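Asks: One-letter residues, chain by chain:
2 protein chains.
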Amino acid sequence: MAEKLKIIPLGGLDEIGKNITVLEYGKDMIVVDCGVAFPEEDMYGVDLVIPDFSYLVANQKKLRGMFITHGHEDHIGSIPYCMQQVVCPIHGTAMTNGLIRLKLEEHGLANKVKLHTHKPGDTVKAGCFTVEFIHVNHSIADAVAFAIRTPVGTVVFTGDFKIDPTAKDGMTDLARLGELGKEGVLALLADSTNVERQGYTPSETVVAESLDRQFKNCDQRIIVTTFASNMHRIQAVLSTAQRYGRKVAVTGRSMENMLKVAQELGYLKVPAGAIVDLNAIKSLPKNKVVIVSTGSQGENMSALYRMAFSTHKQIDITAGDRIIISASAIPGNEKAVSRIINELYRKGAEVVYEKSQGLHVSGHACQEELKIIHGLLKPRFFLPVHGEQRHLQIHAKLANAMGMPPRNIRIGEIGTVFEFTGKTCKTNGTVTAGKVFVDGTGVGDVGSVVLRDRKHLAQDGMIVVCVNLSSQDGSVISGPDIITRGFIYVKESEELMDELRQVAVEAIERCGGKRRRDWATIKSAIKNDLSGYLYKHTKRNPMILPVIMEI
Amino acid sequence: MAEKLKIIPLGGLDEIGKNITVLEYGKDMIVVDCGVAFPEEDMYGVDLVIPDFSYLVANQKKLRGMFITHGHEDHIGSIPYCMQQVVCPIHGTAMTNGLIRLKLEEHGLANKVKLHTHKPGDTVKAGCFTVEFIHVNHSIADAVAFAIRTPVGTVVFTGDFKIDPTAKDGMTDLARLGELGKEGVLALLADSTNVERQGYTPSETVVAESLDRQFKNCDQRIIVTTFASNMHRIQAVLSTAQRYGRKVAVTGRSMENMLKVAQELGYLKVPAGAIVDLNAIKSLPKNKVVIVSTGSQGENMSALYRMAFSTHKQIDITAGDRIIISASAIPGNEKAVSRIINELYRKGAEVVYEKSQGLHVSGHACQEELKIIHGLLKPRFFLPVHGEQRHLQIHAKLANAMGMPPRNIRIGEIGTVFEFTGKTCKTNGTVTAGKVFVDGTGVGDVGSVVLRDRKHLAQDGMIVVCVNLSSQDGSVISGPDIITRGFIYVKESEELMDELRQVAVEAIERCGGKRRRDWATIKSAIKNDLSGYLYKHTKRNPMILPVIMEI
Chain A
2 MAEKLKIIPL
12 GGLDEIGKNI
22 TVLEYGKDMI
32 VVDCGVAFPE
42 EDMYGVDLVI
52 PDFSYLVANQ
62 KKLRGMFITH
72 GHEDHIGSIP
82 YCMQQVVCPI
92 HGTAMTNGLI
102 RLKLEEHGLA
112 NKVKLHTHKP
122 GDTVKAGCFT
132 VEFIHVNHSI
142 ADAVAFAIRT
152 PVGTVVFTGD
162 FKIDPTAKDG
172 MTDLARLGEL
182 GKEGVLALLA
192 DSTNVERQGY
202 TPSETVVAES
212 LDRQFKNCDQ
222 RIIVTTFASN
232 MHRIQAVLST
242 AQRYGRKVAV
252 TGRSMENMLK
262 VAQELGYLKV
272 PAGAIVDLNA
282 IKSLPKNKVV
292 IVSTGSQGEN
302 MSALYRMAFS
312 THKQIDITAG
322 DRIIISASAI
332 PGNEKAVSRI
342 INELYRKGAE
352 VVYEKSQGLH
362 VSGHACQEEL
372 KIIHGLLKPR
382 FFLPVHGEQR
392 HLQIHAKLAN
402 AMGMPPRNIR
412 IGEIGTVFEF
422 TGKTCKTNGT
432 VTAGKVFVDG
442 TGVGDVGSVV
452 LRDRKHLAQD
462 GMIVVCVNLS
472 SQDGSVISGP
482 DIITRGFIYV
492 KESEELMDEL
502 RQVAVEAIER
512 CGGKRRRDWA
522 TIKSAIKNDL
532 SGYLYKHTKR
542 NPMILPVIME
552 I
Chain B
2 MAEKLKIIPL
12 GGLDEIGKNI
22 TVLEYGKDMI
32 VVDCGVAFPE
42 EDMYGVDLVI
52 PDFSYLVANQ
62 KKLRGMFITH
72 GHEDHIGSIP
82 YCMQQVVCPI
92 HGTAMTNGLI
102 RLKLEEHGLA
112 NKVKLHTHKP
122 GDTVKAGCFT
132 VEFIHVNHSI
142 ADAVAFAIRT
152 PVGTVVFTGD
162 FKIDPTAKDG
172 MTDLARLGEL
182 GKEGVLALLA
192 DSTNVERQGY
202 TPSETVVAES
212 LDRQFKNCDQ
222 RIIVTTFASN
232 MHRIQAVLST
242 AQRYGRKVAV
252 TGRSMENMLK
262 VAQELGYLKV
272 PAGAIVDLNA
282 IKSLPKNKVV
292 IVSTGSQGEN
302 MSALYRMAFS
312 THKQIDITAG
322 DRIIISASAI
332 PGNEKAVSRI
342 INELYRKGAE
352 VVYEKSQGLH
362 VSGHACQEEL
372 KIIHGLLKPR
382 FFLPVHGEQR
392 HLQIHAKLAN
402 AMGMPPRNIR
412 IGEIGTVFEF
422 TGKTCKTNGT
432 VTAGKVFVDG
442 TGVGDVGSVV
452 LRDRKHLAQD
462 GMIVVCVNLS
472 SQDGSVISGP
482 DIITRGFIYV
492 KESEELMDEL
502 RQVAVEAIER
512 CGGKRRRDWA
522 TIKSAIKNDL
532 SGYLYKHTKR
542 NPMILPVIME
552 I
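First to last, the sequence lines map onto chains A and B. Using this note's numbering, the letters of the first sequence correspond one by one to residues 2 to 552. Using this note's numbering, the letters of the second sequence correspond one by one to residues 2 to 552.
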């Protein structure tokens, strides 16, 4: 029986972020992308969400390499966590590897992992797979799609992409995709992020033009915030600043890091003297200055946040400052962005952020662009990826409308094993896949129980009931003492505290007789009685923690 | 010295929601609106945010009445909380009072508070004030603006409004506003919600047309979700359903309540037999059924949520169901709405929600409509209200562009006292105003300390350290016992727990000598040592609660 090609998404399906997909054939395995997701609002205290790497760990002998489409967090962010468990060579373009290197250094892994740098057009052999790098447009420089030759046919990963015919670094390589389509493509895995949007995503040059309008005739200080990773955008800011005789200063750690990497690798052309130190701008007239800042998503403690709330060490917002938000809020960040905009207005700044101003364009393909890709590649099978359920299904419909029969379109879940021959695609069971939470330095030690408790504590706080009971006869030796946190303003609730103590005493006494030394029963009596009493009197449900010490 | 008119916003300025404004002259005071705000995401466990009523309580002898523009929560939601502290007559239109009555009944206040019902065109005397009710369009029936005659001039409150020339209940009474403008308006307080948007808000009839398109040729079950209070919208659903021979069933408590009130008061025309019981639709063919449901904001446990997540007792979503979301997500609710849409897709339903489909229009005036109001009323002074800082400032700019001098435009904060003569407006100090949190049945017993603790608990959980110390010499009699919640998965962290116990013992021992019975010092030593140890080893910062019992 011939081997089959397995394609196994371990992340990025039915969710936004933590994109990672396994390709496996016989004794060879490669991985495409290795991203993080950001915690949902009910994941209290969680810093990052990473994929479950169990399947890679179990198959590490097969692992021939990891291929990365581009340097955004949802495609590279989990690499250090993965490499702590399974080491393999990583392949990416120069910009992508520059960003991965920063991460590896931060985690002390720089010497452990080998990074291989390639250009669009290059092909890389990894076991029985041959991976071709294909230039695509995206909101970060040096993004690629992959055409992966496998023993049963060619698989194309678009990665995140759009089609920008006027991109400074050249349009997505449609010609090459067209050739692949003519040769025959077994399966396509394509970005679904913007599949709900009709038409085309506008070109990055639209933003450059809008920036020009904002700079023209502005005689005030200009502050621009955007995604630190969008070097095309930052290049446009630099060029516009130069045109209008303004010096550029940079604030925010990620922005500084990105700029450094991009400059070193030649992805950013900075005329001599164009960038100055943040402290140097104080001596310049306001109309000769641009500040490029982090904080476009309203992030707490970002440079823009600190400027808005007057906690930035070097820059104070002054009346008249023109603040250009060259970004749109990622779902979930709307309120945080609003909060900063309100503060900036309060300080008398002028804030330019409306969509109508053309100050931001998406990095993802809309419906018409996706149709072009489907039309060029004409794959036998299609797996929509990078999207929540609705994105995947709408993308499936789009492929269907392009003529692909529904049976050739597959929406799986993370962990689903898709098995391909040259002519068939079948799902064959699942492998371990899921969400692993990173909290501080802990990876995976916060799970559903801990989160449930945090949610409970967040909602109504907690009450600790401490009591010393006699080991002889279970009688109360001292206490019960009641301590609360996050429940109620205690100083104004002394009466309630007295009542709670009384309820606890009665609960202990009720457990007399033969159960008098059965601590578990006494604890549960205290819990039930207090909880019932509190719900009746306050309609609240704090966590109740009885502590019995035996003397 | 002649008396001055005081206008004091106690809510709704520099924030969204809890709209409430005081007008005071000599011995008379009236209040316009009395709404709630919904908690921000960092207000853990808070159910509602209401205004601080101290100023009303302190001046209750002056209070001649409360006037309500319309029945939305952000204009009526705090009435029961206010009436528990200060009782006064309430004046509103029939629909508004119907909704207020529901609230008063829920809080057992129905007999305590007198509701007076008026029609647009009516005028009501309250002390030295005369309040005229003026018809406006909004996303709830029976909304009004107020023209308030005061001894120093006329003050106009627009309330929430838009201008809908094709509204079923007639356009906003621009003619009357024009007359008032000719007579002379001292001050205008106008809705700023949509001031960021150019152009006009489309008419509600656009939605009716879009609904028709969705019903036409649909041979599946249709489920429509929208704001329960939007009776014009629900009337459109009913009429469309009738046109296509479909029976309507209703699910969700607030929808059922609203429908009852609206029907009783004649705001909803329901043909005989048009509405059927939810259980009755099971026997009808799918193409003869429409379900009208709550849940358009993705609310947990709303009817649509329960249908999507298969916990609705009567309705299961089945493949092919067409679900029409006739609403857009209020900022902050985007993710909750997304979550439901994804679940509906997963069940094979077709979900129609895109903005481009015209299935929702706002209830608030955009820039061109606001300009009409400013142009008609030509007030001497303008106070933008109902908006965050940016809305207020953009509205101020709009008024300025309409020719009003900046010195006549006033942006205050809640609690600011604006004093008017017939020709001047000065701010004169502030009165108590703020946010009061409602949690369960508690009003105001959760404040910043409790919220800070809840946030701390939510982030990293907590650790209780219990120890019995000798009252004689401070030696350890039993313990320390370590109990954690929301911190770490304990079963896999036994080693860490042992170390924590050890750190606690060492902290206690370190406090030997003369401080050995100084419990406060010992507690703080335990706290510091554990906290330092934990941050070093886990980069987490749980709340640490040392409990010392003296034996």
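Some clues are possibly wrong.
Straight-line alpha carbon distances no greater than 25 Å define the calculated PhoX-like cross-link-like pairs of lysine-lysine that follow [to be verified]:
| # | chain 1 | residue 1 | chain 2 | residue 2 |
| --- | --- | --- | --- | --- |
| 1 | A | Lys492 | B | Lys113 |
| 2 | B | Lys456 | A | Lys436 |
| 3 | A | Lys104 | B | Lys537 |
| 4 | A | Lys104 | B | Lys115 |
| 5 | A | Lys248 | A | Lys270 |
| 6 | B | Lys115 | A | Lys524 |
| 7 | A | Lys492 | B | Lys104 |
| 8 | B | Lys104 | B | Lys115 |
| 9 | B | Lys492 | A | Lys436 |
| 10 | B | Lys115 | A | Lys456 |
| 11 | B | Lys248 | A | Lys113 |
| 12 | B | Lys336 | A | Lys436 |
Hints were generated in silico from the structure; no laboratory data involved. Just so we're clear, the structure is a prediction, and the values are computed from it rather than from any experiment.
Asks: For each hint, tell me whether it holds in the structure or not.
Replies: How the hints compare with the structure:
no., hint, result
1, A:Lys492 to B:Lys113, "32 Å, violated"
2, B:Lys456 to A:Lys436, "24 Å, holds"
3, A:Lys104 to B:Lys537, "21 Å, holds"
4, A:Lys104 to B:Lys115, "66 Å, violated"
5, A:Lys248 to A:Lys270, "14 Å, holds"
6, B:Lys115 to A:Lys524, "50 Å, violated"
7, A:Lys492 to B:Lys104, "31 Å, violated"
8, B:Lys104 to B:Lys115, "13 Å, holds"
9, B:Lys492 to A:Lys436, "20 Å, holds"
10, B:Lys115 to A:Lys456, "41 Å, violated"
11, B:Lys248 to A:Lys113, "68 Å, violated"
12, B:Lys336 to A:Lys436, "18 Å, holds"
Checked against the numbered hints given earlier, the structure breaks hints 1, 4, 6, 7, 10 and 11 and satisfies all the rest.
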